[in-house]
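Student: Now for the letters of each chain:
Number of protein chains: 2
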Amino acid sequence: MADALEDFYAIIPAGGIGSRLWPLSRADAPKFLHDLTGSGTSLLRQTWDRLAPLAGDQRIMVVTGRAHRAAVEAQLPGVADHNVVLESEPKDSTAAIGLAAAILRRREPDVVIGSFAADHVIGDARGFRRSVRDAVAAARAGYVTTIGITPTEPAIGFGYIHADGAALDVEGASTVHAVKSFVEKPDLDTARRYLDDGSYLWNAGMFIARADVLLAEIGRTKPELLAGIEELAAAWDTSSRGAVVDAIWPGLEKIAIDYTVAEPAAAAGRMAVVPGDFDWDDVGDFASLAKLQSGGRANNLAVLGDGARILADSSSGIVVAHSQRLISLIGVEDIVVVDTPDALLVTTSANAQRVKGVVDALKVSGRGDVL
Amino acid sequence: MADALEDFYAIIPAGGIGSRLWPLSRADAPKFLHDLTGSGTSLLRQTWDRLAPLAGDQRIMVVTGRAHRAAVEAQLPGVADHNVVLESEPKDSTAAIGLAAAILRRREPDVVIGSFAADHVIGDARGFRRSVRDAVAAARAGYVTTIGITPTEPAIGFGYIHADGAALDVEGASTVHAVKSFVEKPDLDTARRYLDDGSYLWNAGMFIARADVLLAEIGRTKPELLAGIEELAAAWDTSSRGAVVDAIWPGLEKIAIDYTVAEPAAAAGRMAVVPGDFDWDDVGDFASLAKLQSGGRANNLAVLGDGARILADSSSGIVVAHSQRLISLIGVEDIVVVDTPDALLVTTSANAQRVKGVVDALKVSGRGDVL
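Chains A and B, in that order, give the protein sequences.
Everything in the first sequence is counted per numbering that gives the first Met the number 0, starting at 0 for the first residue and increasing by one.
Everything in the second sequence is counted per numbering that gives the first Met the number 0, starting at 0 for the first residue and increasing by one.
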């Protein structure tokens with residue numbers, strides 16, 4: 000195994016609930032705390048284990064909500080106190096990643112940070128790490144760098160990265176391209192065209208950059224937000240942290256890093272992408288979870304849940320069994336059944352994206368007890 | 000209201016579990032103990048209430064399994080001890096109805112008995128009672144009489160009674176026909192032909208006859224079974240009942256009354272039918288329960304269960320909520336969801352008849368705890 004990268008620090012923003020995976024994912028049991036692969040460990044822990052050989056386990060920072068602190072530390076017994084950044088309320092990814100980058104830059108001015116979602120699934124950890132090494136080389140050269148997954152099908156559930164055809168010349172990196180633009184989730188025809196074209200990659204939400212470069216990008220688009228982040232970072236390792244957090248955090252603008260960094264940097268030619276040939280999935284809904292669990296086989300019933308008691312006849316799709324009940328399916332195809340002690344979801348793969356709507360409806364109807 | 004019929008005794012065989020309604024119906028909670036109409040009372044109690052104005056509540060005999068005695072008596076607080084016949088093990092309808100008839104004949108030689116399933120739904124109790132009065136008149140005239148429901152659609156889930164075109168001349172009855180034959184559940188084309196023909200009626204499993212006439216029919220086809228029934232009946236109201244039951248009951252042949260009485264009597268011209276124009280359903284599976292609950296409306300979601308918490312979007316079919324969980328459905332059509340504390344069923348109306356197969360599979364796989 001290759002050595003850890005000396006100047007590299009990994010950041011894991013562990014924030015989103017994963018509403019499209021309700022009622023499995025909940026406010027108090029967000030997606031990243033679940034074992035969605037049947038591996039026996041949570042997605043968060045798998046993310047950590049994937050990064051530790053690159054960064055060293057003393058150089059992985061987790062940004063999470065105060066409510067999840069205990070659960071996160073239980074998943075990551077090796078995490079150091081100074082590597083846990085707690086959010087008093089969610090402020091989206093610019094604040095989360097920006098604050099981590101700002102804290103780390105004060106501790107270590109030349110640090111290269113890499114931010115990786117806590118709740119994605121990657122099949123080939125070695126392939127992933129090869130791509131990160133290339134991305135770190137590009138980051139050292141001054142690029143805000145992302146890793147774009149080489150598409151294997153015309154997926155409509157992911158955003159895409161349009162890469163420039165010509166490779167950049169970056170020392171220590173095998174293949175790096177400039178990013179022409181980030182594009183939204185396409186329709187099927189467009190996704191097919193992207194697949195044929197070859198210069199479109201799936202956006203896996205990975206950002207690798209020198210901390211100072213990343214912060215400068217935020218400052219270009221959102222100077223007030225950067226000022227707040229820097230004020231927090233300046234106080235972070237001091238006794239005034241609590242008071243400054245209370246004063247500053249509530250006023251931070253809530254905005255995704257895609258809009259503050261990725262898109263503007265791409266438009267200005269400062270964004271690079273490393274093509275990644277490893278299996279990756281954001282497990283965005285139960286349809287993708289079904290596909291992941293069934294290994295892509297059709298007419299197959301995927302089952303997730305320890306000690307699940309399933310009796311299925313002529314049925315396909317996915318059953319998530321988080322109760323101890325016997326579940327019987329007869330003649331239901333592409334079905335999604337998610338069985339938990341206090342809530343049951345029955346839908347189909349085709350309707351998987353609509354699950355978020357249920358969560359919204361539960362919020363407005365005052366049934367937050369099952370969220 | 001018309002007076003009770005002096006020579007009439009009602010029999011309610013309360014035996015079958017209703018396996019096609021699993022996991023709602025169970026060995027310890029059979030179909031007849033459930034409220035399937037949302038009326039607030041069990042099907043058994045509704046059957047009793049329908050019959051009491053005809054027979055008087057001291058003249059309704061219930062035949063049920065020993066295990067259900069307490070539940071039956073709780074549903075029917077007015078039932079007299081001498082009107083409860085307990086089976087030590089299920090022996091199908093010839094033994095159940097035959098024993099009741101034999102006991103009643105010894106108590107009252109000229110009695111006319113009427114046997115009515117404990118777990119059917121009838122919308123119009125007055126129409127039902129009018130038909131029973133006609134059937135009792137035909138029974139007094141010596142016929143084994145049934146009530147055949149006038150079909151309202153080409154149903155494939157019921158057996159049919161083929162009535163002779165010409166009416167019989169029976170004193171005190173408005174319309175009685177001879178039965179040409181009983182026919183099995185038809186395919187759809189045949190069912191359509193039956194509906195157009197007009198001389199086919201749904202077999203609702205109702206039998207009205209003089210007790211001695213019914214017993215004579217059993218004796219013609221199954222003399223050994225009748226001998227056992229008579230031996231039991233002779234001992235029934237004596238101190239030797241227990242010993243005789245132990246000696247005789249286990250050896251009784253297990254056979255439906257359709258084969259011992261209805262079909263042979265029809266073939267011999269001794270069977271009559273009264274056409275019934277009232278709403279009737281045997282609620283044989285969740286598809287018919289869905290239809291019953293939704294009033295026949297398509298694209299409607301029927302919900303059964305006190306305090307059900309349902310959140311449905313673009314879904315139709317039926318949800319039976321016997322747990323307190325929130326149930327969310329998205330984009331599932333003609334779905335059947337039956338949610339109980341220890342077992343969950345998800346299927347479709349089209350597959351409703353296959354539910355019995357699950358029960359059979361659970362039996363052989365040793366998961367009898369949920370049966």
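Everything labelled a hint here was simulated from the structure, so no lab data went into it.
Keep in mind that a hint or two might mislead.
What the hints assert, rightly or not - When the alpha-carbon atoms are kept at most 25 angstroms apart in a straight line, the in silico SDA-like pairs for lysine to any residue are as follows:
(1) LYS253/A with PRO274/A
(2) LYS179/B with ALA307/B
(3) LYS362/A with ALA124/B
(4) LYS355/A with GLY330/B
(5) LYS362/B with ALA311/A
(6) LYS290/B with SER239/A
(7) LYS355/B with LYS355/A
(8) LYS179/B with ALA190/B
(9) LYS184/A with ALA266/B
Student: For each hint, tell me whether it holds in the structure or not.
Tutor: We went through each hint and held it up to the structure:
Annotation: proposed proximity of LYS253/A to PRO274/A is violated, straight-line Cα distance about 30 angstroms (limit 25 angstroms). Between the alpha carbons of LYS179/B and ALA307/B the distance comes to roughly 47 angstroms, so the proposed pair goes past 25 angstroms and is violated. Of the pairs offered as hints, the one joining LYS362/A and ALA124/B is violated, with about 45 angstroms between alpha carbons and a cut-off of 25 angstroms exceeded. Simply put, LYS355/A and GLY330/B have alpha-carbon atoms about 13 angstroms apart, close enough for the 25 angstroms limit, and the pair holds.
Straight-line distance between C-alpha atoms of LYS362/B and ALA311/A comes to about 15 angstroms, which keeps the hinted pair within the 25 angstroms bound. Annotation: proposed proximity of LYS290/B to SER239/A is violated, straight-line Cα distance about 67 angstroms (limit 25 angstroms). A distance of roughly 35 angstroms separates the Cα atoms of LYS355/B and LYS355/A; the hinted pair therefore is violated under the 25 angstroms criterion. Distance hint between LYS179/B and ALA190/B is fulfilled; the C-alpha atoms sit about 17 angstroms from each other, no more than 25 angstroms.
The hinted pair formed by LYS184/A and ALA266/B fails the criterion: a straight-line CA distance of about 71 angstroms is larger than 25 angstroms.
Hint check: violations occur at hints 1, 2, 3, 6, 7, 9; the rest are consistent with the structure.
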